[in-house]
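Undergrad: Work out the full structure, taking the sequences as your base and the hints as a guide.
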Amino acid sequence: MKRQFKFPFWLRRIFLFFTIIGPGLITASADNDAPGIATYSISGAKYGYGFLWIIVLITVGEVLVQEMAARMGAVTGKGTADLIRERFGVRTSAFAMACLLLANIGTTLAQFAGVAAVGELFGISRFLTVPLAGLLIGLIILRGNYKNIETVLLILCLSAFSYVITVFVIKPDWGIILKEALTPTIKLESDYLLAVLAVIGTTITPWGIFYLQASIADKGTDLKDYNHTRLDVVFGSVWGNIISAFIIITTAATLYPKGILVNSAEEAAMALSPLAGSFSSILFSVGMLGASLLAVSVLPLSTTYAMCEAFGFERGLNRPVKEAPVFYSIFVGIMVISMLFVLIPGIPLFRIMLLSQSVNAILLPVILLLVLSLANDRNIMGEWTNKRFANVLGYALTGLIFVATIALLVGMFLPAA
Amino acid sequence: MIYLSQLIDQKVWDGFGHVVGKIDDIMVNATEKSAPPLSALVLKGAPENKTMIDAQSIASLWPSVTLKTDITKLVPYTPKGHELLLKQRVLDQQIVDTEGKRLVRVNDLQIARKGEQFFLTGVDASANGLLRRLGLEKVGKSIARTFKKEAKTHVIPWEFVASIEHDDPLRLSVSQSRLVQMPPADIAAILDNLDSHTSKALLQGFPNEELADTLEQSSQEVQQAVLSHLHPERAADVLEEMDPDEAADILADMDDQTSERLLTLMEDDDAEEVRTLLGYPETSSGGIMTTEFAWVPYTYNVEQALTHLRSSEEALEDEFMYYVYLLDEQERLKGVVSLRDLVTAPLDQPLSKWIDDDIAQVTPLTPQEEAAYLVAKYDLMALPVVEPESKKMIGIVTVDDALDTVLPTAWKKKLPRFSGK
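Line by line, the protein sequences give chains D and U. Be aware that the first sequence starts at 1, since it is given in this note's numbering, and climbs by one per residue. Be aware that the second sequence starts at 1, since it is given in this note's numbering, and climbs by one per residue.
Hint data in this document are derived by calculation from the structure and do not stem from the laboratory. In this text, all values refer to a predicted model and were calculated from it rather than measured experimentally. Among the hints, a few may not be true.
If you want the footprint, here are the derived chain U segments under chain D, 3+ residues with CB under 8 Å [said to hold, decoys possible]: (1) 40-51; (2) 88-96; (3) 100-111.
In silico DSSO-like cross-links for lysine-lysine, where the CA-CA straight-line distance does not exceed 30 Å [claimed, not checked]: (4) D/K224 with U/K101; (5) U/K101 with D/K147; (6) D/K219 with U/K101; (7) D/K322 with U/K101; (8) D/K78 with U/K101; (9) U/K33 with D/K78; (10) U/K114 with D/K78; (11) U/K101 with U/K68; (12) U/K73 with U/K50; (13) U/K22 with U/K50.
For every residue, glycine included, the Cβ atom is placed at its ideal position computed from N, Cα and C.
TA: What follows is the structure, encoded as structure tokens:
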């Protein structure tokens, strides 16, 4: 069909942009999941704007890592777990998969706990909200194909706008925010370092790497359009971290000056309402619901992709359930287990989430090392291997996370001083 | 059976017990499609120019890798361009089916010896292979045992794995479902082309019943080779599952010691039947007959006969059941009725209608050719075998067993098969 008129250039550019965005934005948005929001709001309330520069730093790290994963997906058409199995063999794969499964069940469970918490803020029982959320997401994933599942996930990403609106309702002083965000300050206290680690751990994640690469491979991205993919990844990471920053600003602008400390995202939402009005409190909760739902879809998917790749089973959202039974069974299994954990009274949720976080922390540097090695392998990447700059930054980041992880684990298992 | 995973990192000893190096990878000649021969061992930690060793100089691979000659006389292998590196290019790769659907990964590769040479025979795609790689094979077996299941090793013949294009996944040349459901005779046909090590390997993953069906269709060499490789207990179990006449044929070809041992391991009932059959010369009617046939007391009416057949074990084991034989209390043959006539007759009709003194029959010692002649002459599907002194009916010679004498086995396979089995 011939068009009678042409859209103006800038409008066409915007249309083009929306056809490009996808895996990158989804992964980065899912990084701001329920535990993520909790971490940001707690840190914002405790350390104020001084914490913002960490986010700037993490953005660089996330772009670096996610771009490697996206590039591997586009070049090889395979997932991270595919490459790990083919390049490093069964033992490494089995170790990574065991850790990933444990860690991701724990994190999925945290998302359902997030859904439950938001429901309870509005006085709705978790026995209603959690199964409803599980059913909704399950149906979408089981019945949809890649294209419409991606659309649903992108719509869920929009929930992050609630934090942007919240911040504009609060009207913070932008001058101070900008100044603080660009001035590195460091506090050598264990709580502060722990908070920094928690923020890194919730932003740069093994499941994020697995998900991004698998979905780019699943989507079948053409290498000629790799620039578009890279744009999606960079935009996604930057956007995701801007949202993180907005969450920090929300609590830093309201709770920090009053010296109110919070222990969870729900507490932060409640504390917001006397200070910034009930509207911002509601917005804050809506954002968390959207983020939890997004992560509830992405996390089990990431695990499922990885497990099927590692052991060679059919996988992919474009396959009907009949053709990829293992893929969908693992997905449903993770969902059901996580939901049960949240719903059965008396299960020590906090301990389970702590455990899954530790497993995640152990896995992250290992996965980063594997990814760096794969992205530098000429046999796999051809002319698309890492540039020197990416390698230097990548190994530095891995080293930093490795040292920090050990510190974190030691701190976690030593009795609190 | 040898697996690639058991060879990687193994020390390689020369003829004088010196360590040459450790196996890093193994090369096969990729131009050979069905069972590529090993062309060289790729070593690490070996002196320069000794990093590739011609497979010709391998003396053994298992339990330890030893070479025929001393290290100084080793001729380095020069790649000819058709080699395929197993660890680097095949192990852990994805296998897809004919439609490109992902099935499983190459968990391990199976290597077998035939004479002086070693061959790549199959792809181990089972969980067992995965556990072996993780060093947890024993754990897997004990778990399987607690669930009362056999830990199965599922080996896909290499022949079915299409050649590796650059960087593509391995493609099966038959669909997965076909591979599993392949009729036993087809598997047997494939086996006849493979060496005994391979057949053995292939069949170890089969349930006893399927293995029995497959062996019945196999050549004598394969039957002997496969059974001689099985654990005697298992071999006896498989023989029990076979038709007694087939089992007897196989046992007759074995040396007396082995066959006697297998017979004692078999269940008494089955062993008894086979022993009787073994007593007759191989070329006699007794040698080719089967002792499982459908019969009913001749005093019954049609309804009683049908009820009797439904619950009779012998009738159930009758391969074809074209005829139902009418016997008296001393198991003497009184008459015969085709199953068709029996089923279509009124229920209250007595069987006496079909009593006949002059039924075509043979004795166990009647030569096979004569039985074949009778079958052909009277257009019969089966011929009763009757003991001459006691007049007891002891078995039947079925048309396909009788025709075996006239038509060589190889011909028979090309004919349409009579049973739907």
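Undergrad: Indicate, hint by hint, whether the structure satisfies it.
TA: Cross-check of the supplied hints:
no.	hint	in the structure
1	40-51	violated (count 0)
2	88-96	holds (count 5)
3	100-111	holds (count 6)
4	D/K224 with U/K101	26 Å, holds
5	U/K101 with D/K147	20 Å, holds
6	D/K219 with U/K101	16 Å, holds
7	D/K322 with U/K101	12 Å, holds
8	D/K78 with U/K101	14 Å, holds
9	U/K33 with D/K78	27 Å, holds
10	U/K114 with D/K78	38 Å, violated
11	U/K101 with U/K68	44 Å, violated
12	U/K73 with U/K50	10 Å, holds
13	U/K22 with U/K50	11 Å, holds
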